[in-house]
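Undergrad: Chain order of the listed sequences is A and B.
The numbering used here numbers the first residue of the first sequence as 42 and each following residue consecutively.
The numbering used here numbers the first residue of the second sequence as 17 and each following residue consecutively.
Keep in mind that the hints were calculated from the coordinates and are not lab data.
Just so you know, these numbers come straight off a predicted model, no measurement behind them.
Where a beta carbon is used, it is the ideal one built from N, C-alpha and C, also for glycine.
Be aware that one or more of the hints could be misleading.
One-sided and incomplete, this derived list gives chain A residues near chain B with beta-carbon spacing under 8 angstroms [stated by the list, open to error]:
#, residue
1, Phe68
2, Val253
3, Phe466
4, Pro502
5, Ser503
Have a look at the derived ranges for each label pair, beta carbon to beta carbon [claimed, not checked]:
#, chain 1, residue 1, chain 2, residue 2, range
6, B, Thr189, A, Ser347, 34 to 40 angstroms
7, A, Gly729, B, Asp347, 45 to 51 angstroms
8, A, Glu731, B, Gly183, 34 to 40 angstroms
9, A, Arg396, B, Thr189, 21 to 27 angstroms
10, B, Ser94, A, Ile652, 31 to 37 angstroms
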Amino acid sequence: MKISLNWLRDYVALDAPVEEISRAITFLGFEVENVIRTGAPALRDVVVGEVLARDKHPNADKLSVCQVDVGPAGGVKTIVCGAQNYQVGDRVPVALPGAVLPGDFVIKQSKIRGQSSDGMMCSAKELGVAEDAAGLLILGGRPAIGTPINQVLPPGDVVFDIEITPNRPDCLSHLGIARELSAWFKLPLIYPQEKFRGDLDDAPDPSALRNVSVLSPEDCPLYTAHIIKGVKIGPSPEWLQRRLAAVGLRPINNVVDVGNYVMLETGQPLHAFDARKLGGGEIVVRRAADGEKIVTLDGKERVLTSRMLVIADGHRPVVIAGIMGGENSGVGDDTVDLVLECAIFRRQSIRWTSRRLGLSSDSCYRYERGVDPHTALEAAYRAIDLILEIAGGRVSGPAYRVGSDVPWRREIVVTHDYICEKLGFDIPADEMRAGLEGLELSIEREELTEARGPAWTVTIPSWRDDLDRPIDLVEEVLRLHGTDKIPAAVVTAPGLIADDDPVVLFNRRATDYLVGHDFHECLNYTLRSAREIGTWVSETAAVELALANPFVDDQSHLRPSLIMGLLESLKLNQSRGVPASRLCETGRVFIERNGQNFECAAAGFLIAEPIGEKAWLKRPAADFYTAKKYIGALAAMAGVDLVRQALSPIAGPYYGWQEGQSATAGEMAQGWTARFGLLSLPMVTSMGVEGKVYAGIFAILPEKLTAETTRRRYVEFSLQPAAFRDLALVVDAAVHADEVRKGLAKITRTAVGGAFVLESVEAFDVYQGQGLPEGKKSLAFSLVFRSPERTLTDDEVNVVFQKIQDEVAKTTSWQIRK
Amino acid sequence: MQATLTALVAKAQTDLAALKTRPEFEAAKARLVGPNGELTLLMKQMGAVPKEDRPALGKLINETKGRLQGLLDSALRSIAARELQAQLGPEVDPTLPSPDAGPGTYHPLTLVREEMCRILRKVGFIVADGPEVESEYYCFDALNTPADHPARDAQDTFYFPETARFGNVSKKTPEEKYLLRTHTSSVQIRTMLKGPPPIRIVSPGRTYRRDTTDATHSANFHQLECLCVDKNVTVRDLKALLDYIFASLLGRETKTRFRPHYFSYTEPSFEVDLSAKHLPKVRKEWIEIGGCGMVDPVVFAGVGYDPEVWSGYAFGMGLERLAMLLYGIDDIRHFYQNDLRFLKQFA
Chain A
42 MKISLNWLRD
52 YVALDAPVEE
62 ISRAITFLGF
72 EVENVIRTGA
82 PALRDVVVGE
92 VLARDKHPNA
102 DKLSVCQVDV
112 GPAGGVKTIV
122 CGAQNYQVGD
132 RVPVALPGAV
142 LPGDFVIKQS
152 KIRGQSSDGM
162 MCSAKELGVA
172 EDAAGLLILG
182 GRPAIGTPIN
192 QVLPPGDVVF
202 DIEITPNRPD
212 CLSHLGIARE
222 LSAWFKLPLI
232 YPQEKFRGDL
242 DDAPDPSALR
252 NVSVLSPEDC
262 PLYTAHIIKG
272 VKIGPSPEWL
282 QRRLAAVGLR
292 PINNVVDVGN
302 YVMLETGQPL
312 HAFDARKLGG
322 GEIVVRRAAD
332 GEKIVTLDGK
342 ERVLTSRMLV
352 IADGHRPVVI
362 AGIMGGENSG
372 VGDDTVDLVL
382 ECAIFRRQSI
392 RWTSRRLGLS
402 SDSCYRYERG
412 VDPHTALEAA
422 YRAIDLILEI
432 AGGRVSGPAY
442 RVGSDVPWRR
452 EIVVTHDYIC
462 EKLGFDIPAD
472 EMRAGLEGLE
482 LSIEREELTE
492 ARGPAWTVTI
502 PSWRDDLDRP
512 IDLVEEVLRL
522 HGTDKIPAAV
532 VTAPGLIADD
542 DPVVLFNRRA
552 TDYLVGHDFH
562 ECLNYTLRSA
572 REIGTWVSET
582 AAVELALANP
592 FVDDQSHLRP
602 SLIMGLLESL
612 KLNQSRGVPA
622 SRLCETGRVF
632 IERNGQNFEC
642 AAAGFLIAEP
652 IGEKAWLKRP
662 AADFYTAKKY
672 IGALAAMAGV
682 DLVRQALSPI
692 AGPYYGWQEG
702 QSATAGEMAQ
712 GWTARFGLLS
722 LPMVTSMGVE
732 GKVYAGIFAI
742 LPEKLTAETT
752 RRRYVEFSLQ
762 PAAFRDLALV
772 VDAAVHADEV
782 RKGLAKITRT
792 AVGGAFVLES
802 VEAFDVYQGQ
812 GLPEGKKSLA
822 FSLVFRSPER
832 TLTDDEVNVV
842 FQKIQDEVAK
852 TTSWQIRK
Chain B
17 MQATLTALVA
27 KAQTDLAALK
37 TRPEFEAAKA
47 RLVGPNGELT
57 LLMKQMGAVP
67 KEDRPALGKL
77 INETKGRLQG
87 LLDSALRSIA
97 ARELQAQLGP
107 EVDPTLPSPD
117 AGPGTYHPLT
127 LVREEMCRIL
137 RKVGFIVADG
147 PEVESEYYCF
157 DALNTPADHP
167 ARDAQDTFYF
177 PETARFGNVS
187 KKTPEEKYLL
197 RTHTSSVQIR
207 TMLKGPPPIR
217 IVSPGRTYRR
227 DTTDATHSAN
237 FHQLECLCVD
247 KNVTVRDLKA
257 LLDYIFASLL
267 GRETKTRFRP
277 HYFSYTEPSF
287 EVDLSAKHLP
297 KVRKEWIEIG
307 GCGMVDPVVF
317 AGVGYDPEVW
327 SGYAFGMGLE
337 RLAMLLYGID
347 DIRHFYQNDL
357 RFLKQFA
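Let's have the full structure, built from the sequences with the hints guiding it.
TA: Below, the structure is given as structure tokens:
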């Protein structure tokens with residue numbers, strides 16, 4: 042909110058420099074977003090002068106030598122001037138030697154190109170009045186020669202644009218900020234003098250306002266109305282207009298302006314009706330009917346609902362309560378009798394209505410944040426004083442007051458030691474007391490406790506509803522002490538027996554691994570478009586992943602995979618002509634299963650064909666098995682051994698993967714899933730991405746990632762030499778290698794018995810084509826045997842190897858390829 | 017005989033020098049010194065030599081044998097050298113670029129996050145994590161943010177439909193709605209609910225606000241928060257931590273200052289400014305870097321900690337903002353576009 046320094050000075054005699062006041066506001070806890078200077082600053086030795094003569098400077102084309110009358114005190118001065126926009130007879134501001142202009146520009150008697158000059162005629166910019174530097178400020182209205190310039194120019198002001206935190210609605214007013222500054226600078230706070238104390242000038246005459254009823258008391262705990270008869274509507278006096286203009290309000294007429302003025306002074310919004318326009322001579326505070334309409338002061342028709350509170354007359358709504366008045370009931374030039382409303386509305390109700398209508402106002406802003414009901418009447422009286430003073434009239438009866446005013450009383454007991462303990466350093470008790478009392482947190486009683494220093498019973502004023510507990514007073518004490526004075530200290534750090542979260546460790550290891558394998562780590566938005574999601578998950582899953590209130594269409598769903606973002610990054614780089622091949626990301630993905638979403642930790646990567654990149658030496662391209670290697674490593678980091686898991690091809694209309702070129706393992710029922718291989722070529726191509734893209738993603742429920750609680754145990758291994766045998770099997774082309782490997786391993790283990798150990802069985806060759814029947818392929822396996830305690834003889838291995846072959850021939854459909 | 021031996025050596029010299037492969041060598045060797053080799057045959061003629069000539073001849077033969085062996089060795093060496101050369105191929109041009117991709121790069125936000133975590137780990141903080149989808153309780157209620165607080169408004173927070181179910185994100189009450197967390201402070205609550213103090217955690221993570229994307233705003237962004245709960249934790253300790261963090265991050269001359277502020281979950285609350293003269297592209301003396309304060313007793317009571325026994329502080333900041341300050345980045349969108357020309361600048 043905008044706060045005028047001149048205005049503040051009505052309540053507190055601030056004489057500190059502006060920078061210091063600005064700093065005080067900042068360290069009181071209100072961010073100063075901007076300091077705006079208006080009008081002229083206080084200028085000493087700058088007076089009105091009249092140009093009597095203007096001659097060309099003998100030594101300079103663009104300068105003139107002028108004779109300037111600066112009045113009885115100064116007489117006629119010779120002044121050299123470079124401006125061109127003035128004539129003999131013009132009255133202009135003259136800075137005499139000794140004057141200090143803004144920017145610490147000291148005026149001295151000087152010689153300019155050999156011609157002595159006894160001062161300076163000034164532009165508006167030089168005086169700090171305006172930005173315009175086109176020439177001298179020509180003073181209109183022929184002010185008396187010699188008059189100090191501040192008497193001629195509009196007075197200067199400084200306006201602080203301040204952010205008020207939501208806990209301090211009391212500071213949405215000049216008085217509130219003045220109170221803070223009075224405490225900071227240790228100056229008294231001067232309240233405005235109030236004359237009206239509720240005594241009516243006239244005998245009650247119900248004809249102006251017959252009745253006030255509040256039908257919705259929960260939304261309007263207090264409603265007061267005063268009748269002022271015989272006012273004369275007109276423009277506000279200049280001082281009032283100037284104050285409103287300084288803080289950004291447009292002056293309207295004397296009554297409306299007083300309402301705004303008192304709101305900006307006290308924080309209490311007010312509203313004035315033209316009594317004649319209140320149909321039926323009554324005010325009804327009620328909920329609107331659904332569909333009821335009102336044209337607000339901004340000229341727009343608003344359609345209301347039954348949750349919205351209105352002030353109505355006998356027939357129709359005249360104000361959207363606390364937010365904005367209607368065109369139909371406002372004070373106009375011909376208004377004679379007023380009804381002045383001063384009310385308290387429930388914050389939530391005002392906020393809801395304001396949001397719903399997309400309509401806010403200064404009044405609404407204050408009601409939303411909380412207005413002190415215990416000082417409402419004071420504000421009404423203050424407004425009545427000002428109206429009577431400015432617009433005339435007399436207070437007539439009856440005065441209405443609907444609603445209860447529960448008396449305010451709050452005390453907090455706090456000890457000096459408690460405050461010091463919370464702060465971690467000492468502030469003298471006297472300083473604390475002075476600080477609290479400066480904020481009108483008066484110390485009712487001081488008792489000396491045995492162990493905790495003085496205990497204070499602090500009375501909390503009604504406008505400080507935010508203060509409720511001893512800890513709240515710690516903040517008040519510290520604010521006034523100065524948060525920039527907290528003494529330095531060293532960090533004490535006891536060792537805790539705990540480690541980083543398993544998800545953090547997983548992300549860190551996965552990123553380290555992938556970056557170590559030449560991937561570029563990316564970060565993509567979590568929220569994706571419906572269209573994009575549709576490529577990756579079923580329609581039912583997409584429904585579950587949707588936000589209720591997306592902000593923009595292309596960020597409406599949670600991401601079920603990291604790959605879509607990585608593809609987008611790939612596309613961006615390709616379209617910008619930046620070679621990109623290996624991208625990775627770790628982060629949260631959201632996987633739907635049976636109508637429930639599961640938030641998973643995930644690591645993903647993609648490898649694109651390097652498009653447009655020429656190399657003097659060709660490297661083999663990445664393929665499915667490249668992706669398999671990386672996904673295996675990522676799974677291992679999450680404690681999943683992919684070798685032991687069933688892999689199945691990805692099939693189906695969704696999921697973005699190329700059928701026959703990709704695989705999946707795990708599922709949400711197990712708490713993790715892995716997908717990898719070639720991305721759907723048609724999808725990738727339709728996105729405008731060139732070339733084949735291999736990718737992989739491993740996702741796991743965070744709760745499945747647990748820290749390893751038992752240490753690995755060392756397993757002994759044999760130092761004896763190994764024996765090797767190779768065996769090629771002709772099998773159906775559709776059979777997966779691992780199925781054959783597992784079968785062969787089982788047969789082999791049986792054949793070996795307990796004699797020695799089968800160390801490994803791995804496929805090392807795959808062949809299909811000439812020399813083999815149609816629909817068959819040959820898989821060659823390498824068998825490694827070893828004994829823990831001796832060198833194996835050829836003979837004993839041969840015996841076993843023969844047994845294996847016999848068993849394969851006997852029990853399987855595989856042919857041994859010789 | 018002597019002439020024959022001399023001729024044999026001379027011939028061997030020529031023949032062996034021409035050998036290129038090991039089989040050729042083996043054949044030549046056999047031809048010379050093998051069981052039926054020329055020298056062997058000559059040696060077999062020794063018997064026919066008169067006895068008195070034998071010592072001289074024997075010496076001559078031995079010399080010849082030695083010379084042949086020398087020739088053979090040298091031939092083998094040159095074959096081995098040739099083989100090695102063939103195996104090695106031509107000399108490399110060390111100035112050609114590697115055709116392999118690389119090296120990989122860490123995202124700048126990861127670099128900043130990990131640096132902050134390292135700094136905090138040194139003073140006893142561990143890194144905590146929590147869900148990005150949260151319920152109203154953990155994101156707001158437990159942090160003393162009342163139901164009608166503007167931050168909770170659907171205008172500022174992403175909500176899920178009332179029917180949405182998240183299998184592994186717990187709610188406090190069945191009625192509350194799921195949302196995308198607006199700050200990482202929810203991790204504080206979940207951590208405190210897990211066990212008793214003392215606690216020292218740092219929780220970096222993604223957060224969400226319903227906001228226009230522009231140079232300084234992004235629908236999702238990252239925060240980093242610290243929470244410390246122990247006995248006798250003071251405002252002064254909080255200030256000490258922040259001084260330590262930023263002196264570690266930006267150098268010993270870096271200063272921090274507190275300005276009073278308001279957050280619903282801390283009391284007192286402060287905004288933290290950083291002396292900024294040495295930061296790139298900053299022309300102000302102080303810049304705001306985060307918010308902090310002493311954990312409000314209401315928050316402690318809500319998680320079952322006795323506010324009379326325990327005290328603590330919390331500090332939070334935006335990671336993008338920090339990274340932008342550290343690196344002089346002026347548009348937050350760079351972090352989410354992943355242009356490699358951007359990503360490669362930091363790692």
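Undergrad: State for each hint whether it applies.
TA: Tested hints:
1. Phe68: holds (6 angstroms)
2. Val253: At about 27 angstroms, which exceeds the 8 angstroms cut-off, the nearest Cβ of chain B leaves the hint on valine 253(A) violated.
3. Phe466: Status holds, d = 5 angstroms.
4. Pro502: Given a least distance of 18 angstroms, the restraint on proline 502(A) is violated.
5. Ser503: This interface hint is violated because 19 angstroms lies over the 8 angstroms limit.
6. Thr189(B) to Ser347(A): 34 to 40 angstroms: violated (28 angstroms)
7. Gly729(A) to Asp347(B): 45 to 51 angstroms: violated (24 angstroms)
8. Glu731(A) to Gly183(B): 34 to 40 angstroms: Given a distance of about 39 angstroms, which is inside 34 to 40 angstroms, the answer is holds.
9. Arg396(A) to Thr189(B): 21 to 27 angstroms: holds (24 angstroms)
10. Ser94(B) to Ile652(A): 31 to 37 angstroms: Cβ of serine 94(B) to Cβ of isoleucine 652(A): about 49 angstroms, so the range 31 to 37 angstroms is violated.
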